[in-house]
Amino acid sequence: MAEQSLTRSMQEYYIRQEGDEDSRGPFTLDQLASLVEAGQVNRQTYYYDSISEKWVEIQSNAELVAALFPTKKKLSIKPKENVQTINTPKKEDEKPITVEEMLAAAEGETAETRGKRDLTPRKAMAARWGMRAMALMFLISAAGMLVLHMDAVLTLDYVTISTNPFIVIGLADLLLGLLLFLEMTSLYSVVRFRAALGLGFFGFLFWADGDLLPIAALAVGSVGAFLTTLTVNLWSVCFFSLLGLAGMAGFAYFLVN
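Residue 90 in this note's numbering sits at position 90 of the sequence shown; the count goes up by one each step and never skips.
No lab work stands behind these hints, which were simulated from the structure alone. Possibly wrong hints are sitting among the right ones.
[To be verified] Distance windows between CB atoms, simulated:
no., residue 1, residue 2, range
1, 257, 60, 24 to 30 Å
2, 175, 54, 23 to 29 Å
3, 158, 256, 23 to 29 Å
4, 154, 230, 25 to 31 Å
Just so we're clear, the structure is a prediction, and the values are computed from it rather than from any experiment. In this text, a Cβ means the ideal position worked out from N, Cα and C, and glycines have one as well.
Please put together the full structure from these sequences, using the hints given.
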């Protein structure tokens, strides 16, 4: 029991409020307790659970609630004792640390902590937004390939569907986009294969017809989708996602027009 208590007190936590995109931390359990007293943290505050790799509310963890929000006991009057407080500054020019200073240190905004901020939550957010962007890329691609063949799809004309590569790949893109919205990271290898296959197959078709603009748009979209799966840097994910979305939108436009 003592070992579990020591481990919990030494564990570090990242926190954020609902609607926040950036997290704060790491905080020790004692620092979280100070934030609770300062009104910076409540039971609805989210913390990053490294076991489930998800953001969950503090109130969902009974042990954490008991540590941060202990049941108040009735006060009883005791004889006054001369006890030296540990919060008394040793020197007149020393000041106790404030909540604002503690938050700044945890977020890497002080001279001592600058450059030491843990980027794990930021990388998780980048991966999440990159996955959503890829899902949108393939849904746009699917819309471009299926819109002109919607009658065959709606009537389940299996002969037309099975013999038309635009319908087959469009339906595959539709399924891939929906699964990516469900955050299935195991599909990254499928995304890379689809990007390479689509560029090679459709690139050859349009090149044979002498249409170079659709090839360029498809190349931009495929490269953007491929590179988005390879990085968890937020700025790189934003750039490659915009590149892929622009390319897929252009490809869909050339298919429809």
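Results of checking the hints against the structure:
Hint check: residue 257 to residue 60, Cβ distance near 51 Å, so the stated range 24 to 30 Å is violated. Separated by about 25 Å at the C-beta atoms, residue 175 and residue 54 satisfy the suggested range of 23 to 29 Å. One distance hint, 23 to 29 Å for the beta-carbon pair residue 158 and residue 256, holds here, with the actual separation near 24 Å. In this structure the hint that residue 154 and residue 230 lie 25 to 31 Å apart at CB is violated, the actual value being about 37 Å.
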